[in-house]
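**Q** One-letter residues, chain by chain:
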Amino acid sequence: MKILVCVKQVPDMSSRFAPDGAGTWFAEADLAHRINEYDECAIEQAIQLKEQLGGAPEVTALSIGPARVGEALRKALAMGCDRAVQVDEPQPSRLDPWQVASIVAAHACAVGYDLVLTGMQSQDRGSGQVGVLVAEQLGIQAVTTAVSFEHADGAVTVRRELEGGARARVRVRLPAVVTCQLGLNVPRYPTLPNIMKAKKKPLDVVPAASLLSAEPLARTARFFAPSRRTGQVMEGPVDQLVDRLVALLGEKAGAKRQERT
Amino acid sequence: MKALVVCEARGGKALDTTFELLEVASRLGAEPVMLLVGEASAIPAAAGRLLLAEVERADAYDPGLHRNAVVEAVRRVEADVVLLPHSSYGWDLAPRVAAALRAAQVSELVALAEGGGLEVACCNGKMRRVVQPATAKVVVTVQPGAFPAGGARGGAPSIEGIQAAPAAPGIEHLGHEAPSAREVDLGRASVIVSAGRGVGKKENVGVVEALARALGGELAASRPVVDSGWVGADRQVGSTGQTVAPKLYVACGISGAVQHLAGMKGAEYVVAINKDRDAPIGEVADVLVVADLLQLVPALTARLRQ
Ligand SMILES: Cc1cc2nc3c(=O)[nH]c(=O)nc-3n(C[C@H](O)[C@H](O)[C@H](O)COP(=O)(O)OP(=O)(O)OC[C@H]3O[C@@H](n4cnc5c(N)ncnc54)[C@H](O)[C@@H]3O)c2cc1C
Ligand SMILES: Nc1ncnc2c1ncn2[C@@H]1O[C@H](COP(=O)(O)O)[C@@H](O)[C@H]1O
Numbered sequence: 147m148k149i150l151v152c153v154k155q156v157p158d159m160s161s162r163f164a165p166d167g168a169g170t171w172f173a174e175a176d177l178a179h180r181i182n183e184y185d186e187c188a189i190e191q192a193i194q195l196k197e198q199l200g201g202a203p204e205v206t207a208l209s210i211g212p213a214r215v216g217e218a219l220r221k222a223l224a225m226g227c228d229r230a231v232q233v234d235e236p237q238p239s240r241l242d243p244w245q246v247a248s249i250v251a252a253h254a255c256a257v258g259y260d261l262v263l264t265g266m267q268s269q270d271r272g273s274g275q276v277g278v279l280v281a282e283q284l285g286i287q288a289v290t291t292a293v294s295f296e297h298a299d300g301a302v303t304v305r306r307e308l309e310g311g312a313r314a315r316v317r318v319r320l321p322a323v324v325t326c327q328l329g330l331n332v333p334r335y336p337t338l339p340n341i342m343k344a345k346k347k348p349l350d351v352v353p354a355a356s357l358l359s360a361e362p363l364a365r366t367a368r369f370f371a372p373s374r375r376t377g378q379v380m381e382g383p384v385d386q387l388v389d390r391l392v393a394l395l396g397e398k399a400g401a402k403r404q405e406r407t
Numbered sequence: 375m376k377a378l379v380v381c382e383a384r385g386g387k388a389l390d391t392t393f394e395l396l397e398v399a400s401r402l403g404a405e406p407v408m409l410l411v412g413e414a415s416a417i418p419a420a421a422g423r424l425l426l427a428e429v430e431r432a433d434a435y436d437p438g439l440h441r442n443a444v445v446e447a448v449r450r451v452e453a454d455v456v457l458l459p460h461s462s463y464g465w466d467l468a469p470r471v472a473a474a475l476r477a478a479q480v481s482e483l484v485a486l487a488e489g490g491g492l493e494v495a496c497c498n499g500k501m502r503r504v505v506q507p508a509t510a511k512v513v514v515t516v517q518p519g520a521f522p523a524g525g526a527r528g529g530a531p532s533i534e535g536i537q538a539a540p541a542a543p544g545i546e547h548l549g550h551e552a553p554s555a556r557e558v559d560l561g562r563a564s565v566i567v568s569a570g571r572g573v574g575k576k577e578n579v580g581v582v583e584a585l586a587r588a589l590g591g592e593l594a595a596s597r598p599v600v601d602s603g604w605v606g607a608d609r610q611v612g613s614t615g616q617t618v619a620p621k622l623y624v625a626c627g628i629s630g631a632v633q634h635l636a637g638m639k640g641a642e643y644v645v646a647i648n649k650d651r652d653a654p655i656g657e658v659a660d661v662l663v664v665a666d667l668l669q670l671v672p673a674l675t676a677r678l679r680q
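As they're listed, the protein sequences go chains A and B.
Position in the first sequence (from 1) plus 146 gives the number in my numbering.
Position in the second sequence (from 1) plus 374 gives the number in my numbering.
The shape of chain A in the complex, shown without the other chains (with noise of 0.2 Å):
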């Protein structure tokens, strides 16, 4: 059995957003990177599953960037992915989600693989596009929004997440695309001998140009910050703060919180 899971890097999203030259997307120099939040539940399922079958599946892990994407896959190899992909593309963001799953497919096509796990979306694109399209350039069932994960016999049972805590459950033969949600599993963190054992697993880097033959279908005309309503903004020592807080809190909770006291 063989398992790819798409791993995009992503900047800390406590960052501070600002656009590049361009202004088509945000610039990248002073940004902490880590991986998507969602695709670390893929990768903590595929070497979940991976357990589960004995060691049997080979699990690879897929990332389309620059080097530094190389992080990542060290980091996604030290949970416990077999082997690494970096599609080396300088500029990831020019792809839109119709070419980042057209290159996804190419690889997936070429190796075969029974299971592609993805996040449902990453957190600085957020399209939610990629797992599917995946899925439909192969030509192979996919679900969406997993929050649970059983496989048994060639195929996979999921529970998918719908609005309000519902959930629906679904079951689909592999080959299949499953997209991770939040919650699915709780990602491991690395252990410090198996950090050192990921330094020795391969990590091949192939062109995307290689893999890349679709044309994009959409492009980012512009990238920018919401002008926000903002209420009012207080800022100062702690224990100013504190003056100005205690009296309107008290005030906005009202007569409950007298009521209690």
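One or more of the hints may lead you astray.
Reference listing, derived: stretches of chain B covered by chain A, where coverage requires no fewer than 3 residues with Cβ under 8 Å from a Cβ of chain A [stated by the list, open to error]:
no.	segment
1	460 to 472
2	496 to 510
3	550 to 561
4	594 to 608
Pairwise CB distance ranges (calculated) [claimed, not checked]:
no.	chain 1	residue 1	chain 2	residue 2	range
5	A	Y335	B	E534	55 to 61 Å
6	A	E296	B	G386	25 to 31 Å
7	B	M375	A	P353	39 to 45 Å
8	A	R180	B	S554	30 to 36 Å
These aren't lab readings, by the way, just hints derived from the structure by calculation.
All C-beta atoms, glycine included, are put in the ideal place defined by N, C-alpha and C.
Given chain A, put chain B with the ligands in place with the hints provided.
**A** Positioned in the frame of chain A, the structure of chain B with the ligands alone reads:
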């Protein structure tokens, strides 16, 4: 220009997002045609033209069948734009339709930009992008609540039946699960103090809980805090948790993702405590306190207790 408005139904009933999609169609200057893939009981009470693709087990969502119905409807009305809600239904179905039509998909529309650009949220809601499709047809999912309800409410549409080609068997629907029973009904609380991932670790939840108690309110949490097991699932606020409308909502270390806001934007007064001045929670907060909650909240609680 024509817009196909894909109606969502849940539990056999039409959802109100249809009216928001009708508003988008009208702002695009497009003539709307609605499509319902489901049962007649879920036809929305909106005047206009509606295509009905009746399916047998409407509650058992079959993505391939729904895709085929949308593609057939696009062909039938020669739609240029397909509008869907950005929901578990819409974000599942939209890329399938887009792939079938070889059309660009634009996810989570929040506004229309000048010159036909489609404005979407990105970077966890902190930033915006304007997306320019390069294809003649476009599939768009619309963020729930981003547009007011439009269309003519209360009417009854004129209905035309269409036939969706059955999809190759693939995804088997095994059943639905209702949300697990809740021990806490946050919907009635008049004061809620909510812990986000900014609390850092489970041990720090107590800091936020103490403030809740000092204010005579209930503890709530954002989803990652629940997913990590720091707070019970029946205290989660948001689109996949509870919807609350307290007099006072204090958000501690919560960034303000749209799925969280969906659950608390009915609050009368919102105080947000966050280290990040740019956190999107500032959009709905009456007061944004820029501070480290681990310093501020205990000090605040101590003073309130005096
Ligand atoms: C389909 C779907 C459904 C979802 N449903 C829900 C839902 O129902 N409810 C929900 O909440 N989320 C939901 N989410 C998740 C949502 O998108 C966000 O990921 C989540 O709300 C973020 O939670 P958070 O604000 O606690 O964490 P983060 O986004 O990580 O924000 C943490 C915040 O804490 C601040 N901070 C950090 N340290 C400190 C400190 N010491 N002092 C003060 N501030 C600090 C940071 O600046 C940051 O703003 C859903 C997502 C999807 C895709
Ligand atoms: N550059 C990338 N490299 C690898 N995987 C990606 C990349 N971009 C997107 N993905 C995968 O596709 C999922 C959905 O992304 P998106 O459609 O951008 O929201 C992500 O969670 C990843 O698993």
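**Q** Indicate, hint by hint, whether the structure satisfies it.
**A** Hints, one by one, checked against the model:
| no. | hint | result |
| --- | --- | --- |
| 1 | 460 to 472 | holds (count 8) |
| 2 | 496 to 510 | holds (count 13) |
| 3 | 550 to 561 | holds (count 5) |
| 4 | 594 to 608 | holds (count 7) |
| 5 | A:Y335 / B:E534: 55 to 61 Å | holds (57 Å) |
| 6 | A:E296 / B:G386: 25 to 31 Å | holds (29 Å) |
| 7 | B:M375 / A:P353: 39 to 45 Å | holds (40 Å) |
| 8 | A:R180 / B:S554: 30 to 36 Å | holds (31 Å) |
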